[in-house]
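Just so you know, the sequences run in chain order A and B. Residues in the first sequence are numbered from 1 upward in steps of one, following my numbering. Residues in the second sequence are numbered from 278 upward in steps of one, following my numbering.
Where hints are given, some of them may not hold.
Pairs of lysine to aspartate or glutamate residues, derived as EDC-like cross-links and limited to a Cα-Cα distance of at most 20 Å, are as follows [said to hold, decoys possible]:
1) A/Lys128 with B/Glu333
2) A/Lys94 with B/Glu300
3) B/Lys379 with B/Glu462
Calculated Cβ distances over 10 Å to all of chain A for the following chain B residues [said to hold, decoys possible]:
4) Val311
5) Lys334
6) Gln349
7) Pro364
8) Pro419
9) Glu422
10) Pro453
11) Pro483
12) Gln565
13) Glu568
14) Thr569
Here are some, though not all, of the chain A residues that point toward chain B, as calculated from beta-carbon distances under 10 Å [as the list claims (entries may be wrong)]:
15) Lys39
16) Thr109
17) Trp125
18) Ile135
19) Ile234
Honestly, the hints are just simulated from the structure, not real lab data. Even for Gly, the Cβ is constructed at its ideal location relative to N, Cα and C.
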Amino acid sequence: MRLALKRHGVLPGFGLTLGLTLSYLSVVVLLPLTALLLKAARADLGQLWGAVSDPRVVASYRLSFGASLAGALVNAVFGLVVAWVLVRYTFPGKRLLDALVDLPFAMPTAVSGITLTTLYAPNGWIGKWFANAGIPVAYTPLGVTVALIFTGLPFVVRTVQPAIADLEAEVEEAAASLGASRWQTFWRVILPSILPALLTGFALAFARGLGEYGSVVFISGNMPMKTEIAPLLIVTKLEQYDMVGACAIALVMLGVSFLFLLAINGLQWWSRRYAMS
Amino acid sequence: MLIGGGVPSALTGFSASSAVTAERPVVRWALIGVAIVFLGLFLVIPLIAVFLQAFEKGIAAYFRALLDPDTQSAVRLTLLVAAVAVPLNTVFGVVAAWAITKFEFAGKNALITLIDLPFSISPVVAGLVFVFLFGRQGWLGPWLEAHGVRVIFAVPGMVLATVFVTFPFVARELIPLMKAQGTEEEEAARLLGASGWQTFWRVTLPNIKWGLLYGIVLCNGRAMGEFGAVSVVSGHVRGQTNTIPLHVEILYNEYNVAAAFAVASLLATLALATLALKSLLEWKVARQLAETDAKP
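Input sequences plus hints: build the corresponding full structure.
Have a look at this one:
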């Protein structure tokens, strides 16, 4: 006689574990986020709009957006090269470099912040070369971009690496046997296959850059209208007890985070579908 | 496994043996050169710089900075915050992964997205939401004040903010691993008469131990190094609500650069230890998964 067991039916704890998960999620994450929405719902709409459309705040969006975009673009190009080299080639020190790619994840942001500032200051090891060339890095939008290249790097490399590893050698061989040059194979065969992963990594790095605080506030110099990032303005408003102002900027940032989350989920779905076809 | 989810090098042994699919040596070495210069500039030089700056004023000054009472209290507070946040999120991670990977239910993907949510939120916003919840003008602020409980600009707020930002780490490492391992072994244990707890301790836990440890290591690294979220709720009371990263900021802003880097070198050492453990555990997890696959 066959035991009529529902699949998974024998494993216990469904109610308990799901209940605990939902309760803890609600208390730790959802309740605090609701507090922000509630704060916004109680605030005067004109006051909220006034806070988000203030020229100093708009300038900070522009910097956060521009520097994150520039940093993510640099990472998309060089991260692709790094991922390619780490997957396809062998050279001395490769495993060490591979492990080091996660350094920006592991390094506390305050440490990255003061280190990059010291290096790229006009008298720093790297900054002095740029200063001699007449390009100041620290305390300029370029400095903010440098910090965001640092924080975004692992997102691109770690997303693209598995995609390159999954490429099938046969496809490239077929392209070559049909007369494609190596460069043509890269543009027409390899790049399209890894494009979803590359875009996902780019979006992850971009999104991270928009919210990044610790590694940027030291190198940015925080000059109003010039080098203030959006998260810094939240802190500034909070220090001035301007709760509505802080709430308004946070709401905009939260909205942008959600849009990126949707876009990234969409991209991941696309890359999975791509991988299956 | 996007964040911190490197590809174990054992799994990426692409054989570029075929001549038609290999780049010319010039191209190959040029690409390797570009990668090394880029990583050198952005990763290796900053890493070296932390330690060189830390010892710039000599070994005596280095240890003076570390033994300073304010540094000591920052270290104690950091350890305390991690000691609360990491176990809480570890238990949650295991529980959530069990619910998500062992059962089928509607809304599972939405739940996974919600668990990942703290990763998509700026640390500053993460701190701010707790100010709105527990602060003087916050939702529960008046009630807390009436009962003499201080959360914001005090240690409880810093713990809560850290719990928020480190919330997904363990769960997101365990979910893909436990999904890949399936439920057959647990079902077999149950049919042979094991209780639910016995099944978990004797079957599931040994199967996930390396992935679990990996999640804990990443969670701990972030808990000890978090800056933005903790900074917003801390109030910066020197010697009282300063964690190590906040103390680094104070020293740096006081132009005490050598001391700031000395204290920062503690965190950089933690980061290096995290990376080393991560590489080791990734290899162990890959091997454990390969073993699961090999079983009939």
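key: Reported absence of B/Thr569 from the contact zone with chain A (all CB gaps over 10 Å)   = holds, 17 Å
(Q) What's the verdict on A/Lys128 and B/Glu333, does the C-alpha distance respect the 20 Å limit or exceed it? (A) holds, 19 Å
Check: Taking 10 Å as the limit, does the beta-carbon of A/Ile135 come near enough to a beta-carbon in chain B?
Finding: Because about 15 Å separates A/Ile135 from the closest Cβ in chain B, which is outside the 10 Å limit, the hint is violated.
| message | If we take the beta carbon of B/Val311, is the closest beta carbon in chain A still more than 10 Å away? | response | Answer for B/Val311: violated, closest chain A Cβ roughly 5 Å.
Are the Cα positions of B/Lys379 and B/Glu462 separated by 20 Å at most?
-> holds, 11 Å
Self-check item: Assertion that B/Pro483 lies farther than 10 Å from chain A (Cβ)
Solution: holds, 17 Å
- Run the C-beta distances from B/Pro453 to all of chain A and say if the shortest one exceeds 10 Å. B/Pro453 clear of chain A: closest Cβ-Cβ about 12 Å, beyond 10 Å.
Hey, does B/Gln349 actually stay past 10 Å from chain A on C-beta? Non-interface label on B/Gln349 holds, nearest chain A Cβ at 18 Å vs cutoff 10 Å.
Given hint A/Lys39 near chain B, where the shortest CB pair must fall under 10 Å
Because about 5 Å separates A/Lys39 from the closest Cβ in chain B, which is inside the 10 Å limit, the hint holds.
Q.
Just want to verify: B/Pro419 was marked as not at the interface with chain A; is every Cβ pair farther apart than 10 Å?
A. holds, 13 Å
- Quick one: work out the minimum CB distance from B/Glu422 to chain A and report holds if it exceeds 10 Å, violated otherwise. Check passes; 16 Å lies beyond 10 Å.
- Hint check: 10 Å Cβ-Cβ cutoff, A/Thr109 to chain B: holds, 5 Å
Checked against the numbered hints above, the structure violates hints 4, 18; every other hint is satisfied.
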